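Colleague: Sequence:
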Amino acid sequence: MEKKDIKRVTNILETLQYAKAALALLPQLPPNMKPVYFRILNAIYKIGDDTGSSRVSDISKVSGLLLPNTTKVINEMVELNIVEKFTSASDKRVVLVRATELGNQYIQKYVLCFIEDLGGEFSKINEANCLIMIETMHEVYQAMKTVYKEKEAEYTTNGH
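Be aware that the sequence shown starts at 4, since it is given in this note's numbering, and climbs by one per residue.
What the hints contain is simulated information worked out from the structure, not anything from laboratory work.
Bear in mind that the values here come from a model prediction, so they are computed numbers and not experimental data.
Some clues are possibly wrong.
No more than 30 Å apart at the CA atoms, straight line, and that leaves these computed lysine-lysine pairs for BS3-like [unchecked claim]: (1) K23 / K7; (2) K37 / K23; (3) K37 / K10; (4) K7 / K75; (5) K88 / K75; (6) K10 / K23; (7) K75 / K10; (8) K75 / K23; (9) K23 / K127; (10) K112 / K127; (11) K37 / K112; (12) K152 / K23; (13) K23 / K64; (14) K49 / K75; (15) K49 / K88; (16) K154 / K10; (17) K23 / K49; (18) K6 / K148; (19) K49 / K127; (20) K152 / K6; (21) K75 / K64; (22) K64 / K154; (23) K127 / K6; (24) K23 / K154; (25) K148 / K7; (26) K64 / K88; (27) K49 / K148; (28) K49 / K95; (29) K10 / K152; (30) K154 / K49; (31) K6 / K154; (32) K64 / K49; (33) K7 / K64; (34) K64 / K152; (35) K49 / K37; (36) K7 / K95.
Work out the full structure, taking the sequences as your base and the hints as a guide.
Modeller: Listed below in structure tokens is the structure:
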């Protein structure tokens with residue numbers, strides 16, 4: 004590998020550390036709250052119908068979580084009275100989820116307010132640069148995932 008290629012890889016990895024540090028700046032969560040709960044609340048907010056209800060399968064797609072993991076997290080959130088589950092009146096096989104009063108408070112305080120605050124700052128960044136960054140992060144993720152999957156046995160057994 005050439006020196007310029009090594010530099011590119013190390014620069015990308017350093018930038019990922021900045022991204023991780025940026026996520027660490029998110030507001031402190033209330034007790035018993037996990038960051039994944041806000042992914043679920045954000046998904047419910049984004050896709051909820053006029054009653055604020057969303058299908059579990061749709062929440063899974065929007066949040067980027069696998070369906071079994073989504074179901075597990077939603078069940079945890081039900082126990083904490085953040086969301087409630089119920090079946091559709093028209094099709095009892097369909098499980099719907101909506102935020103409780105507490106869940107709606109969290110959506111307002113930790114999802115909408117924070118997004119609004121970030122929106123003000125992010126609007127100062129050139130939109131084209133934002134789109135390029137988003138696309139590039141997806142490409143970096145896929146590249147790293149590909150390399151790790153291809154070499155997983157190597158990395159875990161003999162240290163590469």
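Colleague: Are the hints correct? Go through all of them and say.
Modeller: Structure-based check of all given hints:
{"no.": "1", "hint": "K23 / K7", "in the structure": "holds (24 Å)"}
{"no.": "2", "hint": "K37 / K23", "in the structure": "holds (16 Å)"}
{"no.": "3", "hint": "K37 / K10", "in the structure": "violated (36 Å)"}
{"no.": "4", "hint": "K7 / K75", "in the structure": "violated (45 Å)"}
{"no.": "5", "hint": "K88 / K75", "in the structure": "holds (12 Å)"}
{"no.": "6", "hint": "K10 / K23", "in the structure": "holds (20 Å)"}
{"no.": "7", "hint": "K75 / K10", "in the structure": "violated (41 Å)"}
{"no.": "8", "hint": "K75 / K23", "in the structure": "holds (25 Å)"}
{"no.": "9", "hint": "K23 / K127", "in the structure": "holds (21 Å)"}
{"no.": "10", "hint": "K112 / K127", "in the structure": "holds (23 Å)"}
{"no.": "11", "hint": "K37 / K112", "in the structure": "holds (15 Å)"}
{"no.": "12", "hint": "K152 / K23", "in the structure": "holds (22 Å)"}
{"no.": "13", "hint": "K23 / K64", "in the structure": "holds (23 Å)"}
{"no.": "14", "hint": "K49 / K75", "in the structure": "holds (20 Å)"}
{"no.": "15", "hint": "K49 / K88", "in the structure": "holds (17 Å)"}
{"no.": "16", "hint": "K154 / K10", "in the structure": "holds (21 Å)"}
{"no.": "17", "hint": "K23 / K49", "in the structure": "holds (24 Å)"}
{"no.": "18", "hint": "K6 / K148", "in the structure": "holds (23 Å)"}
{"no.": "19", "hint": "K49 / K127", "in the structure": "holds (24 Å)"}
{"no.": "20", "hint": "K152 / K6", "in the structure": "holds (25 Å)"}
{"no.": "21", "hint": "K75 / K64", "in the structure": "holds (15 Å)"}
{"no.": "22", "hint": "K64 / K154", "in the structure": "holds (28 Å)"}
{"no.": "23", "hint": "K127 / K6", "in the structure": "violated (35 Å)"}
{"no.": "24", "hint": "K23 / K154", "in the structure": "holds (24 Å)"}
{"no.": "25", "hint": "K148 / K7", "in the structure": "holds (22 Å)"}
{"no.": "26", "hint": "K64 / K88", "in the structure": "holds (17 Å)"}
{"no.": "27", "hint": "K49 / K148", "in the structure": "holds (28 Å)"}
{"no.": "28", "hint": "K49 / K95", "in the structure": "holds (23 Å)"}
{"no.": "29", "hint": "K10 / K152", "in the structure": "holds (23 Å)"}
{"no.": "30", "hint": "K154 / K49", "in the structure": "violated (37 Å)"}
{"no.": "31", "hint": "K6 / K154", "in the structure": "holds (22 Å)"}
{"no.": "32", "hint": "K64 / K49", "in the structure": "holds (12 Å)"}
{"no.": "33", "hint": "K7 / K64", "in the structure": "violated (38 Å)"}
{"no.": "34", "hint": "K64 / K152", "in the structure": "holds (23 Å)"}
{"no.": "35", "hint": "K49 / K37", "in the structure": "holds (19 Å)"}
{"no.": "36", "hint": "K7 / K95", "in the structure": "violated (59 Å)"}
Violation of the numbered hints given earlier is confined to hints 3, 4, 7, 23, 30, 33 and 36; the remaining hints are satisfied by the structure.
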